[in-house]
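*Asks:* Letter by letter, the chains look like this.
2 protein chains.
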Amino acid sequence: MKTVSEAVIKRLPRYYRHLKRLQLSGVERVSSKRLAEFMDITASQVRQDFSNFGGFGQQGYGYDVSKLVDELREILGLAERHNIVIIGAGNIGRALAGYVGFQKEGFYVTALFDVDVKNTEIDGVPVYHIDEFERFVNSEKVDVAVIATKSDGALEVKDRIIKVGIKSIWNFAPVSLDVPDDVTVESINMSESLYVLSYKMKSGNTK
Amino acid sequence: MKTVSEAVIKRLPRYYRHLKRLQLSGVERVSSKRLAEFMDITASQVRQDFSNFGGFGQQGYGYDVSKLVDELREILGLAERHNIVIIGAGNIGRALAGYVGFQKEGFYVTALFDVDVKNTEIDGVPVYHIDEFERFVNSEKVDVAVIATKSDGALEVKDRIIKVGIKSIWNFAPVSLDVPDDVTVESINMSESLYVLSYKMKSGNTK
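Chains A and B supply the protein sequences, listed in that same order.
Just so we're aligned: 24 in our numbering is position 24 of the first sequence, and the numbers increase by one with no gaps anywhere.
Just so we're aligned: 176 in our numbering is position 176 of the second sequence, and the numbers increase by one with no gaps anywhere.
Be a bit skeptical, because a hint or two may be false.
To be verified - With beta-carbon atoms standing in for the labels, derived distance ranges: (1) B:D159 <-> A:Q23: 34 to 42 Å; (2) A:T110 <-> B:E28: 27 to 35 Å; (3) A:E140 <-> B:S51: 46 to 54 Å; (4) B:G204 <-> A:S51: 13 to 21 Å; (5) A:D178 <-> B:S51: 26 to 34 Å; (6) B:G55 <-> A:Q23: 45 to 53 Å; (7) A:S25 <-> B:T3: 45 to 53 Å; (8) B:E132 <-> A:E134: 44 to 52 Å; (9) A:E6 <-> B:D159: 29 to 37 Å; (10) B:E156 <-> A:K163: 46 to 54 Å; (11) B:A79 <-> A:L155: 25 to 33 Å; (12) B:E132 <-> A:K118: 30 to 38 Å; (13) B:E80 <-> A:G165: 41 to 49 Å; (14) A:S151 <-> B:D182: 31 to 39 Å.
Unchecked claim - Selected chain B positions facing chain A (Cβ under 10 Å, derived; list incomplete): (15) P126; (16) T184; (17) Y195; (18) G204.
To be verified - Simulated coverage check for chain A against chain B, where a stretch passes if three residues somewhere in it have a Cβ under 8 Å from a Cβ of chain B: (19) 9-17; (20) 165-172; (21) 189-197.
Think of the hints as simulated: they come from the structure by calculation, not from any bench.
We treat Cβ as the ideally placed atom computed from N, Cα and C, and that holds for glycine.
Bound conformation, chain A alone:
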């Protein structure tokens, strides 16, 4: 498969979101120009992005919205079930466990792990002691591990995730994670986002 650039990959979920909205509104066809407006890019960029995946449709007629939603769902892997475990049952871990939006797209949180188990269940998700982590992963299908610990514990948790064989890490700890080539990490760093906002406020750069 052709290597798709990071910038294009990051746009895929946004295309998907806008197209689902159009689909819900009953819109059947959409032009690259219209899509480009939603995405804040040019129509030619939209066509170039889609060319990475075979093009999706005929210029002039616009794209078939429902077909495009299905294609993107397939490309994004949202047509499949993904089992997620969360390490760290603090505020972030609990928020993620209860985030119903993920289930609609096939992401199921099957367990939370913490060094200090205060509740046996959070929003219907069982909570286990971190000592149970390897046994759980070896007996259940786990596709994604979420690091929702403080930065202190994150590196050790990362090592355990890799050692037990999970290949996808969704990281919420404010640390950089070195991982082997066959492991994927996506990080959400809330502090960094807040600092960018703070910079823009301070510098008067509002865009």
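Based on these hints, arrange chain B on the given structure of chain A.
*Replies:* Just chain B now, kept in the frame of chain A:
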């Protein structure tokens, strides 16, 4: 002030994080080469990034770590106090209210607002009915409003934030927000991040 590119702006918090870590470890000077390794970019890119802010130090001698931390803190606006209000006291809003990491850098959550007030206080932060929002903002200094509602309510909340005169929005709802030129928005879209991870898993593109 020279316009700094979005890519550079996004790297500033990461420089800051790495430099603070070096400072904590007692490191006094750091070369652009060493910094570049932490940042996964080239040394020349580091020097180019810093040239946006006057350069920060002499090539050959490396950068003074503590001085650089102070400079970046100033540039990022972290030397000042920022008052934050959160609209939406669901899982995300509650997690943010309790996220102590922000206070260390001058960000104080002063109130939560919700359509349904279940607790009068969350992690020490008072919770008010959304009807109190405008009155609160008009009587207290508020620098940043966080949208932590579901996507349904987000656009109406955005309009109220803008109307009451808050110029910085930190958005956690999975929607695109159109705002006037003098308003800054930073968004964290967790679904998009998860979909990017899912895409990489599916496509075998682990980087």
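*Asks:* List in ascending order the numbers of the hints, as given earlier, that are violated by the structure.
*Replies:* 1, 2, 7, 15
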